[in-house]
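Hints are included, so try docking the two chains, each in its own frame, into the full complex.
If you read the protein sequences in the order shown, they are chains A and C.
Following the numbering used here from start to finish, the first sequence increments by one per residue and tops out at 307.
Following the numbering used here from start to finish, the second sequence increments by one per residue and tops out at 842.
Hints listed in this document are in silico derivations from the structure and should not be mistaken for laboratory results.
You may find that some hints are simply not true.
Here's a subset of chain C near chain A, in silico, CB distances under 8 Å, partners left out [stated by the list, open to error]:
id: 1; residue: Arg436
id: 2; residue: Gly442
id: 3; residue: Asp547
id: 4; residue: Ala554
id: 5; residue: Glu556
id: 6; residue: Glu559
id: 7; residue: Ala721
id: 8; residue: Phe722
id: 9; residue: Ala724
id: 10; residue: Glu727
id: 11; residue: Leu748
id: 12; residue: Gly761
Quick look at which bits of chain C chain A covers, simulated, 3 or more residues with Cβ under 8 Å [to be verified]:
id: 13; stretch: 361-375
id: 14; stretch: 533-546
id: 15; stretch: 750-760
As the structure is a computational prediction, the values presented were derived from the model and not from experiment.
In this text, a Cβ means the ideal position worked out from N, Cα and C, and glycines have one as well.
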Amino acid sequence: MLRYIGRRLLGAIPVLWGVATLVFVIMRLLPGDPAALMLSESGGSAQAIAELRNELGLDESVLIQYGRYLARLAQADLGTSLFTQRPVITTIAEQLPSTIELAIAAMLVAVILGNALGILAAAKQGTWLEGSIMTGAVVGISIPIFWSATLLIWLFALVLGWLPATGQGGFRYLILPALVLGFASAGAITRLVRASLLEVLDQDFVRTARAKGLASRTILFRHALKRAFIPVTSMIGLQFGFLLGGTVVIETIFSRPGIGRLMVNAILWKDLPLVQGVVLLVALVYTLVNLATDVVYAYLDPRIRYG
Amino acid sequence: MHVRSHRIGHLFVFALLLVIMLSACGAPGSAVEGGSLVYGLTLAPSGIDPHIDASSELGIPLTSVYDTLVYQDLDGNFVPGLAERWEASEDGRTYTFYLRRDVRFHDDTPFNAEAVKFNLDRIASPDTRSRKARGMLGTYSHTEIVDDYTVKIQFSEPYAPFLDSLSQVYLGMASPTAVQQWGAEYQMHQVGTGPFIFREYLPNDHLTLVRNPDYDWAPSVYQHDGPAYLDEVIFKFYVDPAVRALALESGEADVMGEVPPIDAARLEENPEFSLIQVPIPGQPLQFFLNTENPPTDDPRVREALLYATDQQAIVDTIFQGYSPPAYGPLSAATMGYSDQVEALYPHDPGQASALLEAAGWVDSDGDGIREDADGLPLALGGYLMSWGYLPEVGQLLQAQLREIGVDLRTELVAFPAAVEAAGQGLHNLAPMTFSGSDPSLLGTTYLSLNADGGFNWSNVRDAELDRLLTQGLTEVDDTARLGLYAAAQRRIMDLSLVLPIRDYENLNATRASVRGLRYDRQGWFPWLYDTYLEE
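This is chain C alone, in the form it adopts within the complex (with noise of 0.2 Å):
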């Protein structure tokens, strides 16, 4: 009895210690506040201002600065964010948002009324010369305060897009009173009313954020309330693919984005650290076919080639399988996205030779390239450029469709010189890509009016496809908006103006201590707020 009561008593206390080692190590999935985390960023952008600037990249580190109106969750529905609740008018030509009063920017201004007003017309102003924000605000007219927490924002035309546009770090408020007190340095000294402060920055070198000690008004998208976990974040410049994984693996990096693919295959395999991959909305890597330039102006051309390319190949091989091959002009991930057009054009070689027969090029000197009846060579002249693996790519592609006796001959050009010449319709193929959430940005490069100087380098002038892709930018019904893009994408394939390899996946390599991370709906942007570093 004696010696039971000892047992029991042993057993107690054991028991105690034990719960007390475990709920002061955390109980696992409970985030841990503190600490400063290095993020590594793969291109130091031009100039970081969000209003003004308009690469990719800005939007990684100032995500986390700004806080925008609405939010888009990841299933692509708007939710409250620095506005308590919206209406839209009847007609779409007005918006009115009742904004939260409890916010602040960091330099303790107030956020209200007239600090929306300030940033919209800022952005919309001329003389700011803003790069991509003015554009994601469509047809804007002005904003009209009501009271201090209430305005009425007004469209010449209705403007689908402008939830999605309001939901990205391009439209983030500002504070007035920095902007107006710093003028063109104020890209040195934003001031947001997000997580985490901008603290410093060195152009190439560092981007350093603190946490914002005052922040409670995270939106729904969020997973927890109040101040973010991190002290800091600080963001390095990685340009050389090479160095990424290596300052990743060596410590000196904690979230790696853009990892090569096999050094991401790599890094999966190892526990100590994870991989998280992002789909990227928008379109996707693909290489546009001049529809002026001879052969691609012969469409019976334009669809062999689509039938020719094995995009799967081209997906294992370069991309070690980490992205879904594309079929059409968006990637899956994108708002309005039509699966009809992957069924359009599956890989056939033999079809792909019935059509070129077809429109008269026969390999009449064994060769092992088709000539026309005057012996001319079939040849294609495409770009390629430094991004995007499109070395790789071309070299596959070439071998591809020498099968069906085309000989694509490609040019490593830099990127400035392609814009240029690809612009001038000089070429057969070239690529480029643009990314966003909503199918809008088919606009760019689909509608005719971009033909001559603008980014339409399939140089199409369809009637039909204009008055889609018009009509989508002013439909206010979802559904039938939707209903427009799935044509547009369906007259595109049909038209064969482009021929797409893979949708974009951003591969991000962390250690396995970061927990937490998430990105957002336009793919490149983390959402940093709930991230934490595990002990």
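Excised from the complex, chain A in its bound form (with noise of 0.2 Å):
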């Protein structure tokens, strides 16, 4: 097992150059000049505006900023943000342990409510309890984030004045956000854990234990629950995807600094370098988290050993 987690570090590594290279192009390709845009709120004249693209080292050919861009990456270094001057790690591990917590909040409401209704839909089949999980799990993925937050801050901050209606710093600030990012990755979960236990449960092996007089719940818990887990273990880092790229909603509307938030701005007024960096850094958080998944993947399915 050794071997093979690290087998798949190494491999990461391609990964990431694959991804610096293809952010590089992209940004390039986008429209916006970074110079202009700096220049945009005093109105710089033409003049300045050529004069700051030079010395950001806009006008140099893109291979010697390609090559430049490589050579300090192999460094680990991220560079400089062109809007803050300040290094790009520095930005980022300033705003990342915002998101880190939302995402660990949002994640732990999806996957304890999405399991947590999943088993109940499965083991309550056929009834009234199961048609309304099923119905709030279909709500849940297709309410647009944006409408539940602003609704939820409303009723809890204003109306109810139970919860701070922005900010963070604690566990009261992260009750909201997590609820509505988690909310809607739930809804997705109830229905896969839902199909894949009636599939298992629906196997010789359970027949055979009911048979031999063993307890629902021990023939649940016991010996179907780990095998139903496994498309749900996929299931859950692929909407860790989702999550991250749900972030940036819930940190604008909530007003939580955050990795989201950072990037989206950054995109939209071309700061090269830190896209380059935030991007990296999640390219380089997926793919742990793909790693950590299928390392769970084979503790589930003794079926699955890697070499």
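This is the structure we're talking about:
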């Protein structure tokens, strides 16, 4: 197993290089001139814009810029943000904790809620409870989070006054954002857990266990769940990607600092080093999450073993 | 007799108690010391070093951290700040400033001539890559230290907007010791001489200022002396417009800037809140008309657009009547605004139609849109961006122009894409605005040298306009200068280069307990020094 993990980690390097190159190319293809944008608030003259572009090294040939970019990356130097002139790594480090907090909290909400409801729906198959849970799941997937976020802020912060409307800083500030983001993801997990569980419960070994007289609960929790979780684990890994993307909307509405907002702003304003730094970070995180998913896979299903 | 003296005694005691109670509460209007104020900013700026970065949002907190050599009062007059007095040479190339001697930076280093020279040189240095402050210094050449508290500032050419520039936070005086100590990280540890001290800044989250207990050099624009009233001010960032009013109403913020007009109208009705309306000098919300792209290359078409637009209707519908309509290239609050422009293009759809007919645009197939002799429809391409309620303005404008048979096709694009496309001249209409109290900002958008790759999005290259704007920069006589800019505004509208919509008005909502909050001449920046929280 350890060799497998080692191989996977090594394999991440070409992936990251590919991502870095792709980002470099895309950012240069997107419309927008960073120099003009930087001077757009103060209204620089055409000459000032040209000078700034030159100072930022944007006039040089693309290959030279690419070469310099890769050389810096090899030394683990993510460069300096064009707009704030601070090291990219510092900016990311400042904004990351809030996003991690949010992603983990939302993931917990999604996983706990999704699994609990999915198991319940499968166990109570055919009843009204299952029907309402499944309807709730569809609603969760369908509602746009920017709408539900504003609605919940209005309800809990303004009308009831129970929770703060915006900001970060502790558990209380995390409740609404995590609920909004997690609920959307929970719907998808609920549906998959239920379907997967029903399929497993239909199999021969379950019928055998029942014939042997094992209690339903024992069958469910000790035998069926572990197998049902195999596809669910993949799904959770995928949902993590969705969460990372969803954080930008949540961060904007709830006025939380975070990587999502940082990246969107950096893209819009063509802050090339910052975009490249954040995308690389996200790619790295995603690679690690995928690796973790596969390892959990192997634990859950003894048929899967990596050489 | 016995009873009466008792009554008088009771009356006397009652009166005494009343006086004691009243004085304990504080007579209405007298400031209360202490308290923490939460101020809602709208946009997290990029970098926040005023010498380097350009966003007006950074000025909101930093105006309280830095003092400037001169201050501008609300009537546009320049009064002493860190400089007690100053002299300008006849030719306008040399300014001599006599500095206060009692000022210290927040890091306890002295403010003196060395500090002034350090600051100006820092701004002017190409290594600093200043994006706004450098431009505000114009033809600055160098600073000469005459003695510890006297400096001579030299310009290669006379630069008329200098005092206006000097009065803004972008030319605030920073501690040379701190700048040298922190280098690139100085923006996270800023040190000025102002009434508030920069405590900490977490980008996208909050910025905290605390009172400077040693502040003793308040300029005359302020309303009291000594330290500020508030203990601390915490700035938070609220990007989503829908959330701003919510945050104020739920008590999370005490002051909220740029409240949407609909929320502002509602808050104004509520006695728990106050609305502070501040006109912003500079250019109005406007669309530049591209003179190089058909059909707006025809002046008759451009004039028709101006006659067809009903600015008052736009202001009433979208801005709830909060802004004055704009009729010229400068907003009414700007120094040098000429009201001549107001009568030039009254709302007159009949006149607009007549102009289009004369230009050869007739609706031959009855579809409501005019065509030319070749059957080409009168279609205009316009960019819209998501700020300034442009999408809504665009919709209303579309409807108004349709009435005279013009098909305005709008495209909502992200700001960077719009800047790039407009810079290439692909548009007929493109919106853009620059704010500032000095009319020299007209140069950014109307000088011919800014037509390719700059912000001259009407692509005008008019020798007369160039002359007026260039001379305006160097003209030392105030009256003559105002005359030049009045002529420039007239020329811009005669050439029909721009379609003005409305003057910017910053709508700030506060809790009613926030008192003494005023905004400076630039309109965006609050003077928090006199602000206090009523109990």
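Quick rundown of the hints versus the structure:
no., hint, in the structure
1, Arg436, "holds (6 Å)"
2, Gly442, "holds (6 Å)"
3, Asp547, "holds (5 Å)"
4, Ala554, "holds (5 Å)"
5, Glu556, "holds (6 Å)"
6, Glu559, "holds (5 Å)"
7, Ala721, "holds (6 Å)"
8, Phe722, "holds (7 Å)"
9, Ala724, "holds (4 Å)"
10, Glu727, "holds (5 Å)"
11, Leu748, "holds (6 Å)"
12, Gly761, "holds (3 Å)"
13, 361-375, "holds (count 3)"
14, 533-546, "holds (count 4)"
15, 750-760, "holds (count 9)"
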